[in-house]
Structure formats: structure tokens, C-alpha cells
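Chemist: Need the complex rebuilt from these two chains, each delivered in its own frame; the hints are there to steer you.
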Amino acid sequence: KAGVTQTPRYLIKTRGQQVTLSCSPISGHRSVSWYQQTPGQGLQFLFEYFSETQRNKGNFPGRFSGRQFSNSRSEMNVSTLELGDSALYLCASSLGVTGELFFGEGSRLTVL
Amino acid sequence: QQQVKQSPQSLIVQKGGISIINCAYENTAFDYFPWYQQFPGKGPALLIAIRPDVSEKKEGRFTISFNKSAKQFSLHIMDSQPGDSATYFCAASRAAGNKLTFGGGTRVLVKP
Chain A
1 KAGVTQTPRY
11 LIKTRGQQVT
21 LSCSPISGHR
31 SVSWYQQTPG
41 QGLQFLFEYF
51 SETQRNKGNF
61 PGRFSGRQFS
71 NSRSEMNVST
81 LELGDSALYL
91 CASSLGVTGE
101 LFFGEGSRLT
111 VL
Chain B
1001 QQQVKQSPQS
1011 LIVQKGGISI
1021 INCAYENTAF
1031 DYFPWYQQFP
1041 GKGPALLIAI
1051 RPDVSEKKEG
1061 RFTISFNKSA
1071 KQFSLHIMDS
1081 QPGDSATYFC
1091 AASRAAGNKL
1101 TFGGGTRVLV
1111 KP
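Read top to bottom, the protein sequences are chains A and B. Residue numbering for the first sequence follows the working numbering, starting at 1 and increasing by one per position. Residue numbering for the second sequence follows the working numbering, starting at 1001 and increasing by one per position.
Keep in mind that the hints were calculated from the coordinates and are not lab data. Heads up, the beta-carbon is just placed ideally off N, CA and C, and yes, glycines get one too.
A short list of chain B residues far from chain A (calculated; beta carbon distances all over 12 Å):
#, residue
1, V1013
2, G1016
3, A1024
4, E1026
5, T1028
6, T1063
7, A1070
8, D1079
9, S1085
10, L1109
Okay, derived cross-link-like pairs now, DSS-like style, lysine-lysine, Cα gap no bigger than 30 Å in a straight line:
#, chain 1, residue 1, chain 2, residue 2
11, B, K1005, A, K57
12, B, K1042, A, K13
13, B, K1068, B, K1005
14, B, K1042, A, K57
15, A, K57, B, K1071
16, A, K57, B, K1068
17, B, K1057, B, K1071
18, B, K1057, B, K1068
Excised from the complex, chain B in its bound form (with noise of 0.2 Å):
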């Protein structure tokens, strides 16, 4: 059972432009929705989480909204840059553990 469904698998933006990456869940019981970054040949690493508590944080050009009653959360990449082409996991955790329910992934290619 897939708990964290993530949309669209790939995506080309230009650069400049915004990239929206979209996730849902299905456990009322997750409470912290992070999301990681992963390059060829690397491990994911930490970009942004955020707690239901609040609708929205930003860090620099990444932006997480979150839609507690719709049981969904997206991350905008403002400004895309070349650096920015990786693949980018949704996830989330009950308790803010470290048992994370990974969705299943966006590609995303930022063209110059």
C-alpha cells in the first residue's frame, strides 16, 4: 500500500521558471513531511520539512505548502537553476520519527 503518492514522476522546466512537485497522503497519523534532494550516485539529503501546524515554509527559493484537510503538501522551486536538476522524494513520518514513507520520486530536469 502506497501511503505517499507523488506527482508527476518527471518534469523540464526552463530555468528561471517554478517547478511544483505534488504529494499525497493517506495516514492522519503522519505529523512531519520532509523533503530530500537526491543527485546521481548520492545519498538524499535534507531540503525542507514542515510540521502540520503550519500552511506554508520557505527556505531561500524552495517553498512547502501544506493542505492539512486535503491531506496533501507541494514543493515549489523558485527561480530553477541547472543545479537543481536531481530527483526530489516527498516523504513523511508519524511522531517525527525516522521511519519515513518515501514517495515515489520526481525527476526534475532544469533546462538553461
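The following block holds chain A by itself, in its conformation from the complex (with noise of 0.2 Å):
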């Protein structure tokens, strides 16, 4: 069984520039939530999706969004970038509202 997919695993992007991530969740599974990973920060919430809709949003500006597909794929875009965006930014899928995620290996987001 194929886990979680992220692409792209690395990109860099200048200061307000936006960017696109997409993740492909594990077969079945019908959540997918985001995660910055920042070593000052660690891991912070972005958001959920369940069945296309939002269900939980972290603390993150507007800059920051995200959509779910039918077929559950999930994008996030990150419109206007920050230096301080740089991150690793880590989708999770799960089958339900469980609790147990499972991570993908993360896009890594250089911002210059």
C-alpha cells in the first residue's frame, strides 16, 4: 500500500512569490491535514480536510489555504511568501477522525 505523496519534495522561492503543494493521501483515507515544521517552532497545525471540507485551521494568516479533491488529494498555497516561511511542510492522512496520522515526507519550502 502506497503511503502518503508529497510533491514537490524541495522548491525555492523568493520573497512574494506564491507557491503550490499538493499531497496524495494514502488510499482510503479521507483526511488530510498540513503541518509547518520550523526548528523554532516544531510542528504547528495548518488545517484539515475531511470529504472537501475544511474541519480545523490552525493559527496561520490568510496567506496560508488549502482545498481538498474529490478524490481526496489536497493542495496548499502559500500566496505572497515570507522569509519566514521557510519550512518543512508535512502532510498527514488518515482514514477517519482518528487521531492516527500518517506523514508524508514532506516539501521543503526555501524561501530567499
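Modeler: Put into C-alpha cells, the structure is as follows:
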């Protein structure tokens, strides 16, 4: 069974640009969550989608957005990038609302 | 506001020794407490989890101890092996949901 797949794995952007990250969950999983991981702030929850609806949202500015498609694949978008957005963005999928998350390997974003 | 505090930040243990990581939480609404293991370049992987209706859960060499009144829980890694060298994160969620609040992480190094 394939795990959570995130693309791209690495990307470099400049301040002011926008970025879209993609996540394909484990087959059959309907919940997709996104987390930001940085050395300073650790792992922080961004948002969760279940059956194309946003269930929860973390304390991030509106520049961070996401969506989920009917096949459960998800994308997150960050607009007007800032240096502080440099981070590893992790996607996690779950069968349902169980708290048992399966993480992908992440997309490492560097903002110059 | 850091709702889950984890200690120590790092620890070194000899092969065969016991690694102990502690976490304390503030929000009494938390009712699901998982531990994740993360290797460099990989996403976190669920290791073991506990709910507050039990005081201890053991899976192989990994044991969670839970103290509801003190709002603390800990991970014990028995017979630590070099392959256990990783960063460990405690986490908590409400209603066993997928919005996890993570501790700051503990980097464990097991010396052969």
C-alpha cells in the first residue's frame, strides 16, 4: 500500500512569490492534514480537510490556504511568501477522525 | 502558548539502556496522546498512543505512562538500540481529532 506522497520534495522561491504544494493521501483515507515544521516553532497544525470540507484551521495568516479534491488529494497554497515561511511542510492522512496520522516525507520550502 | 511541553530536548543513552521522555499538557480537554518518531529526512511516524482511561500502555520496547491528575505523560524506550536514534514528539488532541498539538521534540542518540 503506497504511503502519503508529497510533491515537490524541494523548492526554492523568492519573497513575494506564491507556492502550491500537493499531497496524495493513502488510498481510502479521507482526511488530510497539513503541518508546518521549523526548528524554532516545531510542528504546527495548519489545517485539516475531510471529504473536501475544512474541518479545522490553525493559527496561521490568511496567506496560507488549502483545498481537497473529490479523490481526497489535497493542495496547500502560500501566497506572498515571506522569509519566515521557509519550512518543511508535512501532509498527513487518516482514515477518519481518529488522531492516527500517517505523514508524508514533506515538501521543503526555502524562501530567499 | 505552548500547550504541550516536552523534556528533555536531547538525551544520549547507551545501547541497552532506558530512554525516558516526559511531556506535560495544559488543556484538560485533550483526550488522545500519541507519540511520533521522526528520522532525518522523513516525516513523523506514529509509534504508540494512549487515551486517559488507562495509566499505561506497552508495545514491544515502548511504554507510555499517563498521569491524568498531574497532566503528564511519558515515553519509556527499554533496551534502547542504535536504530532508535531519532527525534521523538509527544502530541495531544481533543476528541481524538486530527488536529494535533505537538511538544517541542526530543533528539535521542543511542550509543553502541
